[in-house]
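> One letter stands for each residue in the lines below.
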Amino acid sequence: MRGQAKLSLFFISAIFACFSFGQEPQHFYNVDKEIKVEGTIQKIIMEPRYKNTAPFLILVLEKKDTQQRYNIEVSPVWFFDHDFHKGENVVVIGSLYSTKEKTQNIIAREMRFRGETLVLRDKHGFPNWRGGPMKKRGGRKGKRF
Amino acid sequence: MIKKNYLLFFYMPLLGIVIIFFVLSNFNRNYIRKKVEHLVKEQLQATAEILKVNISHFLEENNPAREILDRYSQEENIYYIAMIDENKEILGWSSRFDGYLPLSLENIEKENSWIIDSPAGKIFNLFSSFSIGNEKTYYLYLGYSLKDLDAMVSHSRQSFFIIFGFIFVIGIIFFMGLYQLQSHYLEKKREAEEEKKEKERYREISAFTSGVAHEIKNPLNSLSLLFELFQKRVPQELREDVTLGKKEIQKVTGIINQFADSLKPLKLNKEKFLLEDLVLSVLDSLKKEVAPAGVETKYSQNVRVVLNADRALMSQVFINILKNSLEATETGDIQIQANQQRKKVLITVKDTGKGISDEDRKRIFDPFFSRKKKGIGIGLYLTKKIIEAHEGKIDVQSEIEQGTTFFIQMPGG
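Chains as they are written, first to last, in the working numbering: chain A, 1 to 145; chain B, 1 to 413.
What you were told as hints is all true, and nothing was included just to trick you.
Keeping only pairs whose Cα atoms sit at most 20 Å apart, straight-line, the calculated PhoX-like set for lysine-lysine is:
#, chain 1, residue 1, chain 2, residue 2
1, B, Lys41, B, Lys52
2, B, Lys354, B, Lys323
3, B, Lys147, B, Lys35
4, B, Lys217, B, Lys264
5, B, Lys88, A, Lys100
6, A, Lys33, B, Lys88
7, B, Lys323, B, Lys288
8, B, Lys110, B, Lys88
9, B, Lys122, A, Lys123
Pulled a few chain B residues facing chain A out of the computed Cβ check, cut under 10 Å:
#, residue
10, Asp70
11, Tyr80
12, Ser95
13, Arg96
14, Gly99
15, Tyr100
16, Asn107
17, Ala120
Source of the hints: derived by calculation from the structure; they are not laboratory data. Where a beta carbon is used, it is the ideal one built from N, C-alpha and C, also for glycine.
Whenever a hint applies, use it, and build me the whole structure from the sequences.
Now the structure itself:
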């Protein structure tokens, strides 16, 4: 039984040996670590976040009262069709995690700016660009309220 | 009444069937879903056990957790997988949906399995512990796609709606039919009750009228005899008045006899005779009495029609109908046509007379209904009675100034 399992594992391993995400163990939408942050946009960058996905839109946000900086992971660039500007005020609800370099990161679930609310993930962190409700309604980018 | 019947015989049974189907179907679907979920759970737990054994091997060989999980990340039905140490710290994870790992480590205490609904469909979640040789405890968190179950549920829902629609349509047809039958039955019942009441009323009137006629006839007979005596003994100059008086008494006696005859139940003395002979003899006798000069009478038939009926009564029928037609027609013709069709004889009597109004047509067979100056309105009533006694039917169609047609249907032939 153990031998058979090893053999099947070897087969599976041979197929998927090439995959590697390379992300931090804490880099997932942790429902236990949801926070709400309000701050101003300091920088807008684009970088890959997950394996085999398009670059993500990342906002560097500075919290108003503490000047703490957060990297806000918004969504793949192709999904987001709003313009951000440096110095704009944004409220973010999302899951917080820290990297080894002690950088504070937030995976955004909901964002409020210019009087609009954009829903990017559901309450468990399921991304709308991966078949969530918005995707099913014709791929509309972000949910406005 | 109609609303109540609709409620009782259409809406309520239909609604009842639909509700029963809905409830039973829901129970059944829930039961099957629970059973399937249970089976799936058992199967996935067994799969997870194999996975845990394999992961244990890799851990024993000091492979990093992230690399180990990557090996399973592309497995078709695994949506996400994570390895957690005994301090509930995530050692590594992999998810098909960009950071989606719907696990709350704060709320989970021990081994558990549950199913969640996600935008990607139902996901079976398993959180279970395993140990490796150095006695360290790890937890494996696994999200397994239940898309087959979703497909089954969706198919079941589809089937439910198709069957539901089918039952609904069949139910509408069935209960509409039931309602129609019930309405028809009620209508017939109402007609039968009305007919019964009418017969009862007629019987009472008949009894009363027969009694009155009987009581009047005796004094009239005495009066008639008295006038006979007067006629012989009165002076010559008064004899003519007495004769007139005697005739009037005879006229009253005649009317009373007609009344009495119409009230008697009919006794049929059936015999076979040619319809043509009967009609022609009636026409002969009527022509002498009432036929206007400009009116022609024609008799035609498709075969030689033989009737098995009471000849005297049928003669009365044709006298009544043809007399009416002759009296109503000043010029033109009266056509009597007889057709034998299978076991029926259809006779039409068509005149080109002044016609009858719709209002009068509806009452034409009622007793004592007449628009004629002379006549007491029992001729056509008796005609209908005689034909119905032979299990036949009579109807009339008419147009003012166009003429009238009587339709008689007799059995046999």
